[in-house]
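Asker: Heads up: the sequence shown is residues 10 to 417, going by our numbering.
Treat the hints as calculated values from the structure; they're not laboratory data.
Certain hints may be false.
What the hints assert, rightly or not - Below, simulated BS3-like cross-link-like pairs (lysine-lysine); rule was C-alpha separation at most 27 Å, straight line: (1) Lys-318 to Lys-193; (2) Lys-172 to Lys-353; (3) Lys-172 to Lys-147; (4) Lys-147 to Lys-353; (5) Lys-172 to Lys-211; (6) Lys-211 to Lys-353; (7) Lys-211 to Lys-147.
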Amino acid sequence: HEAGGWRRPGASWAFGERVGTGMPSLVLATLCALGHSLPPPLSLRAPPLASIAGRRSLASIAGGRGSLVRACAAEETATGTGGRMATAVSADGSISAKAVVTTPLIAEATRLQGLGMLAAAALGRALTCTLLVADGLKDEETFQVTFNGDGPLRGVMATANGKLESRGYVGNPAVTLPPTGAGKLDVGGGVGKGSLQVVRQKHLPGADLPSQYSSITEIRTGEIPEDINYFLLESEQRQGALAAGVFVSPVAAGGAAEGREESGELQPPAADAPPSAGVRVDAGGGWYVQLLPFAAEESIVRLEENIAKLASRSPTSLVREGLGPREIVDLLLDGLEPVFADDKPVAGLAESCPCSEARVLRTMALIPREELEEMLTSNEVIEASCEFCGTLYRSTPEELREKLEARE
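Please take these sequences and the hints and turn them into a complete structure.
Answerer: Here it is as structure tokens:
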């Protein structure tokens, strides 16, 4: 079964949200001084000058002497290359439904961050879920989740805004685990036990700047959608169902696929298969349905019947069958006469990443002066890498020193 928040232990396929769990979550509804607005994590390193030879072409951000040089890890892309989102409301106004295809977005994140199969599945689910929840927010409002678990993935973070721009990362992209007893990738084991932090950035009426609110709850399963759906129910009283999944193939050194994982189900490669050289994302997507205020009981019953029919058809199997987001919403709201809004493009990862020269300089300015000076005097080239999009920023020590002095 694809990861989805509508399945609850002991409740078959019925809405766990309607039944309730009797397990209150720990929620801290306080203003948060940090959160989503932090700059993207930057990895600083200083390679020998010779190691730059043969890398991707460079393009100057600001131009002129003393500017950092930006090496893009992705090709130039058109706007909206991450997938598509469809939304609709039942004719009686009882239920809203969304579906998104995120195959290009997850494939881009997998390639740029060098994700293994387990990391691609975990991050892909998180990106898909945050996009589904963020849809409908104002452009600069955001929904961010951070899974701080004790599993070998060492954390999963994803964030999205109302423009359907998203980004995220995992702490250990190369981790592998044995499959579960059902033959699935063990995303829950990779995440582990711990806490789920949710940060929302909202524009309150009359406020010039957005406010940030942080909530914390326990990780229930580590499967990503279930935990987010539990949070939405218990902390925000949103009754709904959330599902997301990723279909990936390990690619052999010669370029052929060794085996496949669908909804976490892994077909292991043959014993004589060549070593894996990467991961191919064949499908990614998800859906989210929410009960609106004063929802009619007959509409709820019909929705439950529709979800039950989809129990054997994961989001990625629907995508691989050739269905787009609008067709998936049609299945969710079958018999409820859905009224569709215009479809929306999902932004690609590299095209929407906010990393920049200014953020690099701001990060480096926080390094203790003695450590920074040692770095500048002992290396020929300084690199800073964005952990979200993989962009490399390079500069000589002399150029970087001039830039930092100009900031003082």
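Asker: Are the hints correct? Go through all of them and say.
Answerer: Tested hints:
1. Lys-318 to Lys-193: holds, 22 Å
2. Lys-172 to Lys-353: With a Cα-Cα distance of about 9 Å, the restraint between Lys-172 and Lys-353 holds, given a limit of 27 Å.
3. Lys-172 to Lys-147: holds, 8 Å
4. Lys-147 to Lys-353: holds, 14 Å
5. Lys-172 to Lys-211: holds, 14 Å
6. Lys-211 to Lys-353: holds, 21 Å
7. Lys-211 to Lys-147: Given that 27 Å is the threshold and the Cα spacing comes to 8 Å, the pair holds.
Hint violations for this structure: none, all hints satisfied.
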